[in-house]
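Asks: Construct all of the structure, not just a fragment, from the sequences and the given hints.
Protein chains in written order, with numbering that gives the first Met the number 0: chain A, 0 to 278; chain B, 0 to 233.
Any given hint could be a false lead.
Cut-off 25 Å, straight-line C-alpha distance, at most; resulting in silico cross-link-like pairs (SDA-like, lysine to any residue) [claimed, not checked]:
1. B:Lys151 <-> A:Arg161
2. A:Lys19 <-> A:Arg72
3. A:Lys19 <-> B:Glu82
4. A:Lys19 <-> B:Gly83
5. B:Lys151 <-> A:Thr148
6. B:Lys151 <-> B:Thr175
7. B:Lys151 <-> A:Leu150
8. B:Lys151 <-> A:Asp160
9. B:Lys151 <-> A:Thr146
10. B:Lys228 <-> B:Leu21
11. A:Lys19 <-> B:Ser91
12. A:Lys19 <-> B:Gly132
13. B:Lys151 <-> A:Asp162
14. A:Lys19 <-> B:Val50
15. A:Lys19 <-> B:Ile130
16. A:Lys19 <-> B:Pro68
Bear in mind the hints are in silico, worked out from the structure with no lab data behind them.
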Amino acid sequence: MAGLYAAMSYGLALIYGVLKIINLANAGFLMLGAYVTWWLFTSYHIHPLLAPLLIVPAFFLFGWALERTLVRRVLSAEPIISLLLLFGVWLVLQNLAYVIWTGDTRSIETPFVEATVNAGGLQLAVPRLYVFAMGALVLIALQLFLTRTYLGRAIRATAQDRDAARLVGVDVDRVMGIAFGIGIALAGFGGSLLSLLFSFTPDFGRALSLKSFCIVVLGGLDSIVGVAFGSLALALAEAFGVRYMPASLQNLISFVVLVVVLIALPRGIVGTVRALRRG
Amino acid sequence: MLEVTELAVAYGDVQVLWDVSLRVERGEIVALLGANGAGKTTLLRAISRTVPVRAGTIVLEGERIDRSPSAHVVELGVAHVPEGRRLWPDMSVEDNLRLGAYPRRARAGASSALDYVYAMFPRVADRRRQIAGTLSGGEQQMVAIGRGLMSKPSILMLDEPSLGLAPIVVAEMFETVRRINAEGTTVLLVEQNVRQALEIATRGYVVETGRVVSSGTREELLGSDEIRKAYLGL
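Replies: Have a look at this one:
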């Protein structure tokens, strides 16, 4: 599960880091990613594993356009305004999905989705392994992009000190549009991966998105490495937690973790480590 | 090369600069002197286009830049090293420097510029892998100046480079500025440390409550009674 949690949370962390707004529409884009994967499969027979090739660029453009047209207008307003705007975007996406795809539960059934492999006596579900690998791959790709390219470094610089980024010639407005686009593309990618594991309705993504908030709080809101740690920590906590309590209480774990971290380490794991290093 | 004429700047309803004119010629070190809150930082920010200009013109190498975006001004050769250094605290020293070469014209020469900066600041070279936020104030100031030099600027604007540094480091800092200038970079220097700034400057402007109240060559300013009384404590 850690790979999946990471894939659906990077976007949230990236958008917060650069634009300093919380993307409440994240769940909507997760849901939309799952539906588009399903729709490409049932209507055009595009294999679900290939769907991200279309979803990632399309969602990037959608996110970029959304930032240019709507989000940009509320960036300098009070936080509540951007929260309401993005909450509204979520509601619109959700209701569009009801209109287009109805409220019926959908799932993707291919031989791949049901496959398992036997590894040393353990039965492992192939899609789970695949989702973990893809999540990890995207994490690595994103990390390389952010540390090795001028645009990636400009994104990190904008997140850490926007005015200083302007002074070395970074077009901060452009960077914000790109970061929002990447954030939305990652949500769509995460949703596409989710559709391989779960059935879904237009309301899909709500509980998972809350877990994303838990992860970015755990990891620190502006750190990609932190998101990876947070994802792993939450997935492990849940996996061990269900051994000792009813599975129906699984979602409770993330919120208990959230509350404990907010009280004990308000800067997140990475933020606390950094503060210690800076002394 | 840089000519500011009758500049006015306001933050909302609060006007900070009135009718400010100044000129910087190639190869000079021009000092902007004056008390805290006089508007010196705002003047640099107007030139680097990070505050809006209300009236007046700014011309760089014959091109009007008072309505240009900040990225364009950096591309034209202005490097602004802001007050308080403003490094990206969670990035390595080397990443901070490399981003200084962000303008397109500077990217091809980034590696040689990096060598130049490390040669100028050997202590920074020793700490290239360290996270910038962990450096001492003096080291951070060197990285901030180095970041400005990475874009191979034609004019380097330094805002209070000596602020918060130990006296011995301050002397070193002024020596560095003199050296950067001697190697061909024009410098516009904002300082509260008037005596040391005038020691290395060719000319200076004195700013008080948002207006230029006097200006002149180094010798003229050092010889002026008013300046000796108000800023040099003589």
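Asks: With reference to the structure, classify each hint as holding or not holding.
Replies: Cross-check of the supplied hints:
A hinted pair counts as satisfied when its Cα atoms are at most 25 Å apart, and Lys151 (chain B) with Arg161 (chain A) qualifies at roughly 22 Å. Only pairs whose Cα atoms come within 25 Å are accepted, and Lys19 (chain A) paired with Arg72 (chain A) is accepted, the gap being roughly 14 Å. A threshold of 25 Å between alpha carbons decides the hint, and for Lys19 (chain A) with Glu82 (chain B) the separation of about 23 Å falls inside it, so the pair holds. Restraint check for Lys19 (chain A) and Gly83 (chain B): the C-alpha separation of about 22 Å stays at or below 25 Å, so the hint holds.
For the given pair, Lys151 (chain B) sits about 20 Å from Thr148 (chain A) by alpha-carbon distance, which is consistent with the 25 Å threshold. For the hint linking Lys151 (chain B) to Thr175 (chain B), the alpha-carbon distance of about 16 Å falls within 25 Å, and the restraint holds. Distance restraint check for Lys151 (chain B) and Leu150 (chain A): the Cα-Cα separation of roughly 20 Å lies within the 25 Å cut-off, and the hinted pair is therefore satisfied. Taking the CA atoms of Lys151 (chain B) and Asp160 (chain A), the gap is near 22 Å; set against the 25 Å cutoff, the hint holds.
The straight-line distance between the Cα atoms of Lys151 (chain B) and Thr146 (chain A) is roughly 22 Å, inside the 25 Å bound, and the hint therefore holds. As the CA atoms of Lys228 (chain B) and Leu21 (chain B) are separated by approximately 24 Å, the hinted pair is consistent with the 25 Å bound. Proposed proximity of Lys19 (chain A) and Ser91 (chain B) is supported: the alpha carbons are some 22 Å apart, at most 25 Å. Restraint check for Lys19 (chain A) and Gly132 (chain B): satisfied, since their Cα atoms lie roughly 21 Å apart, inside the 25 Å limit.
Restraint check for Lys151 (chain B) and Asp162 (chain A): satisfied, since their Cα atoms lie roughly 20 Å apart, inside the 25 Å limit. Taken as a hint, the Lys19 (chain A) and Val50 (chain B) pair is honoured in the structure, with Cα atoms around 21 Å apart against an allowance of 25 Å. In summary, the hint linking Lys19 (chain A) to Ile130 (chain B) is supported, as the alpha carbons are separated by about 23 Å, within the 25 Å threshold. Among the hinted pairs, Lys19 (chain A) with Pro68 (chain B) is consistent with the structure: their alpha-carbon atoms are about 22 Å apart, no more than 25 Å.
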